[in-house]
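Protein chains in written order, with this note's numbering: chain A, 1 to 260; chain B, 1 to 270.
Keep in mind that a hint or two might mislead.
Claimed, not checked - Below 25 Å or equal to it, Euclidean Cα-Cα: the simulated SDA-like pairs (lysine to any residue) are:
#	chain 1	residue 1	chain 2	residue 2
1	B	85	A	21
2	B	85	A	15
3	B	85	A	49
4	A	10	B	169
5	B	85	A	55
6	B	85	A	80
7	B	85	A	201
8	B	85	A	56
9	B	85	A	10
10	B	85	A	57
11	B	85	A	42
12	B	85	A	79
13	B	85	A	59
14	B	85	A	98
15	B	85	A	199
16	B	85	A	58
17	B	85	A	81
18	A	10	B	166
19	B	85	A	19
20	B	85	A	20
What the hints assert, rightly or not - Per the computed footprint, the stretches of chain B lying under chain A, defined by three or more beta-carbons under 8 Å from a beta-carbon of chain A, are:
#	stretch
21	150–161
22	164–172
23	209–217
Said to hold, decoys possible - Under 10 Å between C-beta atoms, here's a sample of chain A residues computed to sit facing chain B:
#	residue
24	47
25	50
26	71
27	78
28	86
29	134
30	135
31	139
32	154
It is worth saying that the hints were derived from the structure and are not from the lab. Even glycine gets a Cβ: it sits at the ideal position worked out from N, Cα and C.
Listed below, chain by chain, are the residues.
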Amino acid sequence: MTDEALVELKQLTVSFDDRTVVDHVDLRVRRGDIITIIGPNGAGKTTLIKAVLGIQPVSGGSLTMAPGLTIGYVPQHLTLETTLPISVRRFMLLSGRPQQECLTALAQTGVEHLFNASVHHLSGGEKQRLLLARALARRPDLLVLDEPAQGVDINGQAALYDLIRSLRDELNCGVIMISHDLHLVMAATDKVICLNQHVCCSGYPEDISHDPAFIETFGQPVAESLAVYHHRHNHSHDLHGDVVSDDHNDGQAECSHASH
Amino acid sequence: MPLIDAVLGDFFWRALIGGLGVALVAGPLGCFVVWRRMAYFGDTLAHSALLGIALSFLISVPINLGVIITCVVLAIALVLFSRSKTLATDTLLGILAHSALAIGLVTLSFMPDIRVDLTGLLFGDLLAMSRQDLLWIYGGAILILGLLTVLWRGLLMSTIHEELARVEGIPVERLRLALMLMFSIVIAVAMKIVGVLLITALLIIPAATARRLAHNPEHMVGLAIVFGFIAVAGGLSLSWHLDTPAGPSVVVTAFSAFLLVYGLARQVRT
Numbered sequence: 001m002t003d004e005a006l007v008e009l010k011q012l013t014v015s016f017d018d019r020t021v022v023d024h025v026d027l028r029v030r031r032g033d034i035i036t037i038i039g040p041n042g043a044g045k046t047t048l049i050k051a052v053l054g055i056q057p058v059s060g061g062s063l064t065m066a067p068g069l070t071i072g073y074v075p076q077h078l079t080l081e082t083t084l085p086i087s088v089r090r091f092m093l094l095s096g097r098p099q100q101e102c103l104t105a106l107a108q109t110g111v112e113h114l115f116n117a118s119v120h121h122l123s124g125g126e127k128q129r130l131l132l133a134r135a136l137a138r139r140p141d142l143l144v145l146d147e148p149a150q151g152v153d154i155n156g157q158a159a160l161y162d163l164i165r166s167l168r169d170e171l172n173c174g175v176i177m178i179s180h181d182l183h184l185v186m187a188a189t190d191k192v193i194c195l196n197q198h199v200c201c202s203g204y205p206e207d208i209s210h211d212p213a214f215i216e217t218f219g220q221p222v223a224e225s226l227a228v229y230h231h232r233h234n235h236s237h238d239l240h241g242d243v244v245s246d247d248h249n250d251g252q253a254e255c256s257h258a259s260h
Numbered sequence: 001m002p003l004i005d006a007v008l009g010d011f012f013w014r015a016l017i018g019g020l021g022v023a024l025v026a027g028p029l030g031c032f033v034v035w036r037r038m039a040y041f042g043d044t045l046a047h048s049a050l051l052g053i054a055l056s057f058l059i060s061v062p063i064n065l066g067v068i069i070t071c072v073v074l075a076i077a078l079v080l081f082s083r084s085k086t087l088a089t090d091t092l093l094g095i096l097a098h099s100a101l102a103i104g105l106v107t108l109s110f111m112p113d114i115r116v117d118l119t120g121l122l123f124g125d126l127l128a129m130s131r132q133d134l135l136w137i138y139g140g141a142i143l144i145l146g147l148l149t150v151l152w153r154g155l156l157m158s159t160i161h162e163e164l165a166r167v168e169g170i171p172v173e174r175l176r177l178a179l180m181l182m183f184s185i186v187i188a189v190a191m192k193i194v195g196v197l198l199i200t201a202l203l204i205i206p207a208a209t210a211r212r213l214a215h216n217p218e219h220m221v222g223l224a225i226v227f228g229f230i231a232v233a234g235g236l237s238l239s240w241h242l243d244t245p246a247g248p249s250v251v252v253t254a255f256s257a258f259l260l261v262y263g264l265a266r267q268v269r270t
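Build out the structure end to end from the sequences listed, making use of the hints.
Printed below as a string of C-alpha cells:
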C-alpha cells in the first residue's frame with residue numbers, strides 16, 4: 001500500500017514551441033515521501049510541477065496518478081488584488097469545506113488566531129501558512145509546494161520546513177516541493193532532484209552534494225558550503241557526544257577550502 | 001393591475017425601474033471588472049456595441065440580441081488574440097475598442113434610411129425607456145443573477161488565484177466565457193441607461209466606492225448595488241429637474257458618491 005506510487009512520471013517531456021523545458025523526466029512519489037526539486041533559474045522546475053498538477057499540457061512521456069488522488073497545491077505567492085477584500089475565514093470557506101475543518105487546518109499550520117483577519121493584513125509567513133492550511137483543508141494525498149518559503153525570514157523558513165515534515169507524518173501524504181533554500185532543503189528533505197531541463201542528479205541530500213553533476217550545476221562553492229553545512233548539522237546532533245566526530249565530510253570540506 | 005399600469009405608463013417611473021434593474025447586475029459584474037482589472041476590456045466591449053447595433057439593422061434582428069452576439073464574438077476574439085502575445089493587451093484593446101466604434105459609426109452612415117439617435121446610443125437615453133426595454137433589462141438581470149449565484153464560488157476562486165482554482169478542478173476557462181457572456185448582456189441592456197461610452201463607469205465606480213467600505217467580496221457586491229441604485233436615482237432626479245443628459249448625470253452622481261465615501265472614510269482602513 002505504502003509502496004504504491006501516488007504519481008509516476010515516465011520520460012515526461014514538456015516543450016514550448018521548439019524549446020524543451022522538461023526533458024524526459026522520471027519521477028515517482030509515494031506516501032510519506034518528501035521530494036525536493038532544486039535547480040537553476042529556467043531549469044523547468046515550475047513547469048514540471050505544473051505538469052504534475054495537471055495544469056500544464058504534456059508534450060511527451062506519461063504521467064500516471066493514483067485513482068481518486070486529491071492534490072493540495074501551495075502556490076509561490078498569494079498575490080491578492082488590493083481591490084478584492086477578503087477575510088481568512090472567507091478564503092478558507094471557498095475551499096468548499098465546512099468551517100470546523102477549515103479551523104482545524106488553520107490550527108495545524110498555527111494561524112487559527114487569524115480566522116477573522118483580512119488576508120491583506122497578513123505577513124509573508126502568515127500568508128504561506130494560510131495557503132498551506134488551504135491545501136490541508138482538502139485533505140490531500142499529495143502536497144505540492146512551489147517555493148513555500150519565499151518571502152519568509154530565515155527562522156520562519158526553518159520552522160516552515162519543519163511544519164511540512166510534521167504534516168507529512170500526520171497526513172501520511174506525499175510531498176513534492178521546489179526550493180531555492182539549498183541549505184534548508186538538504187536538512188529537511190528525503191530525496192533531492194536536481195533539475196536542469198533533465199534530471200542531472202537525484203538522491204539523498206548527503207550524497208548529492210558530492211555528485212559531479214550537482215557541482216557542475218551549482219558550482220564548487222555552493223557544493224562546498226553544503227558539505228560544510230552537513231558537517232555542522234551532524235555536529236549539532238552529536239553535541240552530547242564526541243564533538244570531533246569522525247566525519248568524512250569534515251576532511252573533504254576543509255581540504256577543498258584549503259586548496260581554494 | 002391598475003397601479004402597475006399607472007406606474008409603467010409614466011416614463012419617469014419606467015426609467016427609474018429600468019435603471020435600478022441595471023444597477024442590480026452592474027454591481028456584481030462591476031466588482032469582477034475591478035477585481036480582474038478588466039476596466040479597459042469592458043470599455044472595448046461597450047464600444048463594439050455600436051457595431052452590434054449597425055449589424056442588427058443590416059440583418060434585421062432585435063438590437064439587444066445583435067449587441068449581445070457582437071460583444072460575445074469580440075470577447076472570444078480578444079481572449080484568443082491576447083493568448084498569442086504578439087501585442088500587449090492594452091495595445092490590442094485600444095486598437096479594437098476604437099476600431100469597433102469607428103466601424104460601427106461608418107456602417108451606420110451607410111444606412112441613411114434608418115434614423116438612429118446617435119447621442120442616445122453614445123450617452124444614454126434613460127427617459128426614452130419603453131416597456132419592452134424593461135422586459136429586456138429584467139430578463140437579462142434574472143439570467144445574470146441566476147448564473148452568478150450558481151457559479152459564484154468558482155468565479156470568485158478563479159479571480160483570487162487562477163492556478164489554485166484549476167488545481168481544485170474549477171473550470172476556469174468556461175467560467176471566463178460565462179463572465180464574458182454576462183458582460184455582453186449587461187452592456188446590451190445598460191446601453192439604454194448610460195450609453196456605450198459610459199457603461200464602464202456604471203460598472204466600476206459603484207464597485208470602487210464599495211471597496212472602501214467592504215471587508216468581504218459579497219459585502220462589496222451588496223454595497224456596489226446600493227451605490228448603483230444611488231447613482232441611478234440621483235442621476236435621474238438631476239436629469240428630471242435640471243434637464244441634464246441622463247447618462248452623464250448618472251455617472252456624475254456615482255462619481256460624487258465615490259468622492260464622498262473616499263473623503264469620509266480616509267481614516268478607516270479595511
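Worksheet item: Does the alpha-carbon distance linking residue 85 (chain B) and residue 15 (chain A) stay inside the 25 Å limit?
Response: holds (18 Å)
Worksheet item: With a cut-off of 10 Å, does the beta carbon of residue 50 (chain A) approach a beta carbon of chain B closely enough for the hint to hold?
Response: Holds - the Cβ of residue 50 (chain A) comes within 10 Å of chain B, reaching about 8 Å at its closest.
Item to complete: Mind checking the CB of residue 78 (chain A) against every CB in chain B and telling me if the closest is under 10 Å?
Response: Hint on residue 78 (chain A): holds, closest Cβ of chain B at ~7 Å, below 10 Å.
Practice prompt. Identify whether the interface hint at residue 134 (chain A) stands, where standing means a beta carbon of chain B within less than 10 Å of its own.
Written response: Check passed: Cβ of residue 134 (chain A) comes within 8 Å of chain B, closer than 10 Å.
Practice prompt. For the pair we were handed, residue 85 (chain B) and residue 59 (chain A), check the Cα-Cα distance against 25 Å.
Written response: OK: residue 85 (chain B) and residue 59 (chain A) at ~21 Å, within 25 Å.
Worksheet item: When you check the alpha-carbon spacing of residue 85 (chain B) and residue 58 (chain A), does it fall within 25 Å?
Response: With a Cα-Cα distance of about 21 Å, the restraint between residue 85 (chain B) and residue 58 (chain A) holds, given a limit of 25 Å.
Worksheet item: Are the Cα positions of residue 85 (chain B) and residue 19 (chain A) separated by 25 Å at most?
Response: holds (17 Å)
Discussion item. Please verify whether residue 85 (chain B) and residue 57 (chain A) have alpha carbons no more than 25 Å apart.
Written reply: The hint holds at about 18 Å.
Worksheet item: Are there at least three residues in the stretch 209–217 of chain B whose beta carbon sits under 8 Å from a beta carbon of chain A?
Response: Held - the stretch 209–217 of chain B has 5 residues with a Cβ nearer than 8 Å to chain A, which meets the minimum of three.
Discussion item. The hint names residue 139 (chain A) as touching chain B; please verify it with the least Cβ-Cβ distance against 10 Å.
Written reply: For residue 139 (chain A), the interface hint is violated, since the closest Cβ of chain B sits about 13 Å away, which is over 10 Å.
Worksheet entry | Hinted pair residue 85 (chain B) and residue 79 (chain A), Cα distance within 25 Å | Judged against 25 Å, a Cα distance of about 23 Å means the pair holds.
Worksheet entry | Hint validity - residue 135 (chain A) Cβ closer than 10 Å to any chain B Cβ | Since the shortest Cβ distance to chain B is 9 Å, the answer is holds.
The structure does not agree with the numbered hints 7, 9, 14, 15, 24, 31, 32 stated previously, though it agrees with the rest.
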